[in-house]
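Colleague: Each protein sequence line maps, in turn, to chains A and B.
Every position in the first sequence, counted from 1, becomes a number in our numbering once 75 is added.
Every position in the second sequence, counted from 1, becomes a number in our numbering once 49 is added.
There is no bait here: all hints are sound.
In silico DSBU-like links for lysine-lysine, alpha-carbon gap of 35 Å or less:
hint, chain 1, residue 1, chain 2, residue 2
1, A, Lys155, A, Lys124
2, A, Lys441, B, Lys251
3, B, Lys277, A, Lys473
4, A, Lys185, A, Lys204
5, B, Lys181, A, Lys217
6, A, Lys452, B, Lys277
7, A, Lys405, B, Lys277
8, A, Lys453, B, Lys62
9, A, Lys218, B, Lys181
10, A, Lys453, B, Lys117
11, B, Lys65, A, Lys131
12, A, Lys316, A, Lys94
13, A, Lys131, B, Lys59
14, A, Lys441, B, Lys181
15, A, Lys218, A, Lys280
16, B, Lys117, A, Lys124
17, A, Lys405, B, Lys251
18, A, Lys197, A, Lys185
19, B, Lys62, A, Lys124
20, A, Lys441, B, Lys117
21, B, Lys62, A, Lys473
22, A, Lys217, A, Lys576
23, A, Lys452, B, Lys62
24, A, Lys453, B, Lys251
25, A, Lys218, B, Lys117
26, A, Lys473, B, Lys181
27, B, Lys277, A, Lys453
28, A, Lys155, A, Lys217
29, A, Lys441, B, Lys277
30, A, Lys316, A, Lys143
31, A, Lys306, A, Lys94
32, B, Lys117, A, Lys468
33, A, Lys143, A, Lys306
34, A, Lys400, B, Lys251
35, A, Lys328, A, Lys576
36, A, Lys143, A, Lys269
Which chain B residues face chain A? A few, computed with CB under 8 Å, are given here:
hint, residue
37, Lys251
38, Arg253
39, Lys256
40, Tyr259
For the record, the hints were derived by calculation from the structure and aren't laboratory data.
Idealized CB from N, CA, C, for every residue including glycine.
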Amino acid sequence: MSEFVLEMRDVSKSFPGVKALDHAQLKLRPGTVHALMGENGAGKSTLMKCMFGIYKMDEGAIYIDGEKTTIQNPLDAWDKGISMVHQELQPIPARTIGENIFLGRYPLKKLLGIFPIVDHEKMYADTEKLLKRVRMDFDPRKKLGTLSVSQMQSVEIAKAVAGNCRVLILDEPTSSLTQNEVEALFRIVEDLKKENVAIVYISHKMDEILRISDEVTIMRDGHYIGTWEAKQLTTDFIITKMVGRELTNLYPKRENVPGEVVFEVEDFTSINPRSFRNVSFQLRKGEILGVAGLVGAQRTELMEGIFGTRSHTKGTVRYQGKELKINRPKDAIDQGIAMLTEDRRGSGIMGVLSVADNISIASLNKYVEHGIVLNTKKIDELVEENRQKMNIKTPSGKTLIQSLSGGNQQKVLIGRWLANNPEVLILDEPTRGIDVGAKYEIYCIIADLAKQGKSIIMISSEMGELIGMSDRIMVMCDGRMTGVIDGKDANQENIMALATKFE
Amino acid sequence: MKTKESFGRKVLKYAKANPIVVMLVIVAIIVGITKENFFSWKNFGNLMSNTAIRFLIALGVSGCLITKGTDLSAGRQVGLAACLSGILIQRGDYTGRLTQLPELNMFVVLLIVVAIGIVLGIINGLIITLLKVPPFIATLGTQTIVYGICLVVTDAQPIGGFQKSFIDLINGRIGQSNGFHLPYLLFVALLFGLYFWFLYNKTRHGKYMYAIGGNEVAAEVSGVNTTKTLILIYTTAGIMYATAGWLLAAKTGGASTSMGLGYELEAIAACTIGGVSTTGGVGTVSGVLVGVLVFELLKIVLQFLGVNPYYNYIVQGLVIVIAVALDVRKYLAKK
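Generate coordinates for the entire structure from the input sequences, incorporating the hints supplied.
Modeller: Take a look at the structure:
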């Protein structure tokens with residue numbers, strides 16, 4: 076017997092024009108959590124796809140229990156005890172928990188001894204057992220769509236460990252979870268460790284990695300950098316290894332000086348009684364106002380209400396003392412407000428269109444000439460100006476935005492809004508799903524905008540980011556504003572206290 | 050840095066990306082060599098005039114497709130416009146005349162059918178944007194309604210006896226029909242093609258259209274008035290169908306309620322063959338033109354090969370499936 080349940084040795088994989096993996100390796104011990112880290116594009120997902128037989132590797136081999144094996148396809152991986160919970164869950168909300176878990180491999184029984192039909196009794200009984208394993212106490216006949224995101228994730232984990240699971244891969248499992256839900260997830264992970272499952276944990280969140288993992292493997296540009304025991308690592312060390320250079324600061328030095336109050340929201344209330352209500356806050360010129368809260372605190376909904384993508388029943392929004400009438404995003408944009416949405420793919424980028432199209436879409440009115448013709452030269456200038464200012468890595472303005480990395484897509488979207496020269500910028504999770512190096516660049520852009528006198532509202536679920544970037548932090552809980560903390564006094568504890576101040 | 054590609058290299062690249070077009074061109078060349086009269090001015094003129102009308106319809110549908118919608122009412126709208134044009138344009142002394150109106154100028158008639166096309170387009174747009182009915186269902190409904198209107202208006206009677214000047218003008222050409230000639234319809238198609246190219250590439254409306262197809266939510270958040278843009282797209286489409294219907298009546302020299310049957314499907318197929326993506330946000334005017342040309346070329350080839358017309362549908366259907374399957378392959382490979 077090998078000390079490793081699964082090894083990937085010397086794995087190389089090339090795509091036309093790029094070497095995605097160059098002698099990468101991964102060694103998993105049973106009953107441990109193994110963090111796999113690296114910037115976006117470092118080759119983590121390619122390595123995982125090789126493990127699952129989705130990609131054929133050019134070189135290298137997989138060993139299970141010390142024996143060389145090949146894995147043909149995901150089904151084969153499942154049979155060999157390897158399963159994965161994807162970053163973006165793909166559930167079928169309209170079907171029950173049990174049907175989701177047993178999708179594709181429903182237990183069958185014979186009707187009248189001939190016709191195979193689905194054995195619902197057995198399926199739901201098994202589901203109940205599996206749910207217990209992930210500490211969930213739900214009726215397996217409940218529709219999946221009625222669960223919260225974290226509960227759906229638990230269902231996915233239950234599904235992943237349903238078979239004879241020996242290796243479980245969790246890809247960015249906490250990206251949409253609240254602090255409490257993260258704790259619940261960690262308890263499940265601890266349980267699985269006791270069952271001798273090896274867990275591959277892919278995440279960008281340093282504090283989680285250092286807390287939960289036993290070993291850490293770091294990759295960069297398709298290369299294997301090394302494997303360390305988590306106990307001996309520090310955040311700085313990991314980042315240095317990941318980006319291949321020293322990052323002296325996580326957050327840029329801020330030189331903005333908040334001025335007078337320019338933007339006021341008063342008694343803002345949603346038409347949905349369970350959403351935001353009676354929220355009032357003020358924003359100064361050149362200020363970064365962080366917005367903290369658990370998932371479900373209605374932060375995004377509140378901002379969408381202000382921006383006009385959601386309806387409100389009462390409340391006022393004022394800019395420089397003048398009341399703004401906003402019924403749809405266009406109204407907000409015309410009055411100097413911009414909103415970078417949370418879901419970059421869902422409501423941000425237009426994937427099949429070019430960088431130039433994406434960057435100019437909100438400000439096309441500025442380039443119309445003779446009442447109808449667009450001045451494409453001016454649009455090209457806009458692209459070029461942003462490319463230089465924000466260091467956007469794109470071959471040209473004609474490149475499709477979907478081929479850029481997350482960080483560069485985000486910069487394009489920021490450029491889209493800046494083209495309108497807004498006074499108030501609402502940034503909803505501006506660094507979600509972006510790797511460390513690009514994150515720092517985004518922080519610098521935000522800090523610089525504040526310095527120029529723009530007023531910024533930044534929603535974030537990362538405490539460190541909020542504390543590191545905000546002049547003040549507004550905390551929400553369950554649709555209400557529960558307090559505002561000065562940036563200097565903010566810490567995890569006082570933010571959490573306000574974020575969990577349920578009525 | 051951009052490097053200048055040689056012409057040959059460009060052709061090769063295009064051929065690689067569009068195997069179905071290449072295949073059809075090769076087939077056409079073979080047919081041309083083996084069959085007499087295939088490479089003739091007459092045949093060329095035919096191909097041009099057939100393509101011209103279908104191109105107008107496909108241009109109308111293309112905007113709907115690019116915004117992830119569709120317009121199943123296209124064919125029936127063409128049919129209605131053809132029938133109405135027919136009724137209004139009948140000679141004053143024609144015995145089977147269906148109207149008591151005085152003899153109308155053909156361009157007045159064009160304005161009337163275009164106005165009706167605009168109304169139908171606005172109705173489609175409103176159903177889709179305000180009532181939020183998916184385009185497929187919305188236009189399936191209007192397709193049936195428009196056909197119904199057409200039956201009521203014509204009493205299901207075939208319509209003939211058009212003003213001679215109307216038929217002569219639309220079927221006119223520069224040059225002699227037995228020698229080199231360019232049908233007037235070709236210029237109509239070119240004019241609209243240029244207009245659409247301008248609309249799609251140089252105007253705000255065009256950019257908004259691609260943005261809606263690329264990501265409707267993102268477009269709305271970016272301040273695009275998606276409702277207005279979509280209504281405009283379906284209305285523009287209505288204008289195109291009406292114009293095509295008016296032309297078709299003259300080209301055929303008569304009209305009946307079965308006119309335009311299935312044209313929407315051919316237009317959708319031609320757009321798809323020409324690279325308009327059914328997942329939205331992608332499509333060019335030149336692509337649409339190529340798609341329509343391929344389709345019309347296919348029809349003429351089949352005719353020259355003496356294939357029983359009943360088999361035409363089978364072959365056309367196969368071409369649609371194969372073309373789209375090949376097109377999808379391009380994206381699959383990139384994953």
